[in-house]
Every structure is written in C-alpha cells, then in structure tokens.
Amino acid sequence: MGKDTWKDFRLYVITAESNHPGKALVDVMEQTLIGGADILQLRNKTGSREEVLGQAKALRELTRKYNVPFIINDYPDIVLEVDADGVHLGQEDLPIAEARRLLGPEKIIGISTHSLQQALAAERDGADYIGVGPVFPTDTKPGRAAVTTSYVAEAARHVTIPFVAIGGITLGNVDTVLASGARRICSVSAIVGSSDPAATCRSFLERIEGASAGTLLVNVNGREQLTSARTIEEFVKQLEQHNKKLVVERNGELVPRALWAETELLSGDAIELVHFVGGG
Amino acid sequence: MAESYQQDSLVIAGQRLGSRFLFGTGRFPSPAVLQQALEASGAEVITFAVRRVNLESTEDDSVLQHFEERQLTYLPNTSGASTASEAVRIARLARAAGLGNWIKVEISGNSRTLLPDPIETLRATEQLAGEGFVVLPYTSDDPILCRKLEEAGASAVMPGGSPIGTGLGLLNPYNLGLIAEQAKVPVIIDAGIGSPKDAAEAMELGADGILANTPVAKAQDPVMMARAFRLAIEAGRLAYLAGRIPKKKYASASSDWAGSLYEPADGGGLKI
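In order, the protein sequence lines correspond to chains S and P. Taking the working numbering, the leading residue of the first sequence gets 1, the next gets one more, and so forth. Taking the working numbering, the leading residue of the second sequence gets 1, the next gets one more, and so forth.
Hints are computed from structural coordinates only; laboratory data are not their basis. Some hints could be false.
Just a few of them, taken from the derived set where beta-carbon distance is under 7 angstroms, the chain P residues facing chain S [claimed, not checked]: (1) Val-33; (2) Leu-64; (3) His-66.
Sample of chain P residues lacking proximity to chain S, with all beta carbon distances greater than 12 angstroms (derived) [said to hold, decoys possible]: (4) Thr-47; (5) Glu-59; (6) Asp-61; (7) Leu-93; (8) Glu-120; (9) Gln-182; (10) Ser-195; (11) Ala-239; (12) Gly-259.
Model, not experiment: these values are computed from the prediction. Note that the Cβ used here is the ideal one computed from N, Cα and C, for glycine as well.
Let the sequences and hints guide you as you build the complete structure.
Listed below in structure tokens is the structure:
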C-alpha cells in the first residue's frame, strides 16, 4: 500500500466477536471488506496472546487480499510479528513515543482520544490518526461518558491529522456525526453485529460519500474548515466576514473583490483573509 | 520667512507632503484617541500593518474605517515578514486592497531586537520597486546600505534611530548625519524615537522626516504628544535650514569685553 494513501480511508471497522456468535471472525470481517470497509482493526481485550496472534495472522492474510490496512489494538510485538500496518493505542496504553520506538517510522500509530486536549497532544506526539469518541454511549466501551458531536465538531476544526469518529455510531445517527464535520466513521457493533455486514458497510459508505459530496475541506487562515460554499463570495458570507474591509488570497493568488462571485472554491484550497490593523 | 518655510515641503516619489511627520497607528488606547492624535499631528501619511482577520468576530476591526473621511497617503508596512518573498506577498496584498502603491518594507531578522535584515530588505526593495511600488524601506543606520537601497529603487530610506519601540533615541547620530548628507532621496528616521527631543535632533542632523508610533501612542496624553512631535519636527527642520553654530570647547560671551566695568574673573587656572 502506498505511503499515506491509507489516510483516505472512510469506513473503519473493528472486530468484536461477541457481537456475532456462531459466525467465524474471518468470515464476518471479510464481509465488511466486501462491503467496502477500508481499514480494519483487530481488537481483542479478553483473549490470550496466543489467541490474538492467531487472529492477527488470519486477518493479516485477509486484509492483504483486499489491500486494506490492518491495525492491531495494543500488542506492538504482534504488529511486528505478523507485519501489520500499525497499532492502535488507548490513553492508558504505552505512550506514542514508546510505540514509535518499537515499531519504527513506517508503521501507523493511532490513539483513542476523548477531548480536544488529548487530540492535540496526540498530534504533537506524532500519532498518525486519532479516534474521536465515544460520540454516543456504547456497550463496546461501557462506563465511558459519551463526548457527543460537539467534540467531533471541535476536532473537525482543530485537528490536522486524520480523525475517525467512533462510539455508538449506527445508520440511525451517522448523519448527525457527518454533519458535525466527521469524514471518517468507525462503527463496531452496528456492522459486525448486523445480519449482513457487507450491506451495512455499503450503506455507511453511501452516507459518508453523500456528506462529503456536499462539502469542501479548505484551509482558511491556517486552519481546516468544511464548507458548502461554492465561491469565494459565498464562503466569505458563510464566515460572516463580508462586512469587513478585507483582502482574499486563494492559493497564493489575490482575488479582487469584483471576482469573488465568480471565483470557484475547491477542496484543498488555502484561503487567507487579511485586513489592516494599527502599526508603525 | 514663514512663506519660504511653507514651500519647504517633503516630496516623496513626486508627491508633495505638507507635513514631515509620518504617523504610526498602532497601540493607541482607543480609535477616538488615535483619530484626535492624528489630527493634532498634522500628518498626511499613516502607516499600518497587514494581518489575518479574526474569524471569531464579525465586527469590522480594521484600522482603516477610522480614516475614511480623510485625505491621507497610506503606507502599509510588511511587518511580520522575515524574508523578502514574505514582504513582497504582503505588499501585493495591500496594493490589491486598493490602498495605493506605497509600501514600507519592514523585514525583521530577529524577534527580540526587531532589527531589519539588511540583505532581505535590499532584495525586497529591488523586487517591489521593479513592480512599480513606491518603496520606503526601514533599514539599519548604515550609510552604505542606504545608498544601495536608493540604487535599488527606494523612494526614501528609513534608517532606525534605535530598535522599534525602545524609545532609546538616536544611537548613532554620526551615521544618520552621513546618510542625510549623501542621500538623493528623502531620509525618514524610523523607529526608536523616544520623545520630541529625538525627533528635533534627527531633523537638525538633516533628516527629511520622522516616522513615529509608540512614543505618541503610549504617551500619557497621546493627543498632546502628537502636537509636541509636530512642533519638534518643524523646529528641527527650521533649525537645520537656519544653520546651527559650530560647537566650541570654551565660552564666548554674547557681548564684547570692551567697555566692561570690571576685569574678567581669573579663577580655575584656565588661561586661553
């Protein structure tokens, strides 16, 4: 898998064997990959190391077949042993720096975060992606207070590395999460516990794509922002900056005010809004 | 005499200015005080900085809204730039805003002293003059550099008296005098001026104008101080034109001794 192309993932699936009694782990996870899940995590907090290693080997083989990155929750040693693509850490697990030292620069390191403060710390410490959640109360992580979509919105505004919204997300509430600015979704029980994981994954992806199609991700004055604006004029109005005497620069080029209405806004644009302040 | 002084105006890039005071707009306690101080200063050129807007606020906090009624020449600065290309970008932004084509090149090479980076300043001056800007570079008090800036197309040179905001006055009057003597473009003393006394001193050295901000804005009474600067700059200019007396080591009486009622005192053992 090409360096960094993994970052474009949209649907992150995690194993949860207890959600599909009577069905084999590899079969269920294969269904999620058939359905289009584009990153897979093995999470087994109760099994022995031997059991986790066995599952890791099987899922490594499966994810290779579908060319999907494979992450293991904890167990950096197993990551190395089966050549998984990375590790996922919790806040109480080993520090990111320690994981990086064990795994080297190439492996993906993800970490669960429950506040913007933790998110920014993870970013500083060199995490490659973060989990943002639990958005809703979930049985997968009992006892953890839900962070609600307000943290998702904060993350969308301030976090520059990929972030994936997680925790109690179902087809019934995913639109709210997407509306808060998430573009990567992780769902556990709603997918692996469904009678048709492949179909459920396809439904999730349709929702994610639908939300992405309506919005652009642009960088304004140094920070990422989602917008439905199609032109510079609409964008300035959405930001409620249109009553200011300001100058707009788009990707290093000045956009004269007369051209705002006809200047198209594209995803990835870097926009600067500047004005004049007292100075000597 | 008053009439000939009136005709002694400062001309920058062909533009005749009635005041030799270039007015910095930063750090005033309020917009109202800023406007009154500007009025009291008599200045016709104002400086300001280019910054990102505050996206959290919808209110227009641009400094320019306070000057819409006035006939002023705008001199935006490139503060915040530490390279020539950053300064060029800021200059283009300011011009695109329709504020005219004057630009104060200000490229800081050190965040503690804010001293100008001479190499980048020269580069930016050359580039911007080539793009048709009226370039007024804030520069070190170095006569050679000032000459090179002039050759690169600067419309005026603006050597600092001392680092920005320090109020230390003229640290190297000798160099400033040399710069004033050699320059074929106006010399504006920019930065480090502490009080009207420094401004008058600079004008007496032959400077053509003064750019000041902090000593006015942070004075106890900025409006009164603005007027004090106006008078000091005029006084200094007049003194320069009038020609001061040479300095001498010993006294020379204002009246001849001839006809004095007494003999001169002879204390202290000094015999000329």
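Results for each hint:
1. Val-33: Because about 11 angstroms separates Val-33 (chain P) from the closest Cβ in chain S, which is outside the 7 angstroms limit, the hint is violated.
2. Leu-64: 5 angstroms, holds
3. His-66: 9 angstroms, violated
4. Thr-47: 6 angstroms, violated
5. Glu-59: 8 angstroms, violated
6. Asp-61: Check fails; 8 angstroms does not lie beyond 12 angstroms.
7. Leu-93: Since the minimum Cβ distance to chain S is about 5 angstroms, Leu-93 (chain P) lies within 12 angstroms and the statement is violated.
8. Glu-120: 19 angstroms, holds
9. Gln-182: For Gln-182 (chain P), whose nearest Cβ neighbour in chain S is about 26 angstroms away, the distance exceeds 12 angstroms, so it holds.
10. Ser-195: Its Cβ never comes within 12 angstroms of chain S, the nearest being 16 angstroms, so this holds.
11. Ala-239: 25 angstroms, holds
12. Gly-259: 56 angstroms, holds
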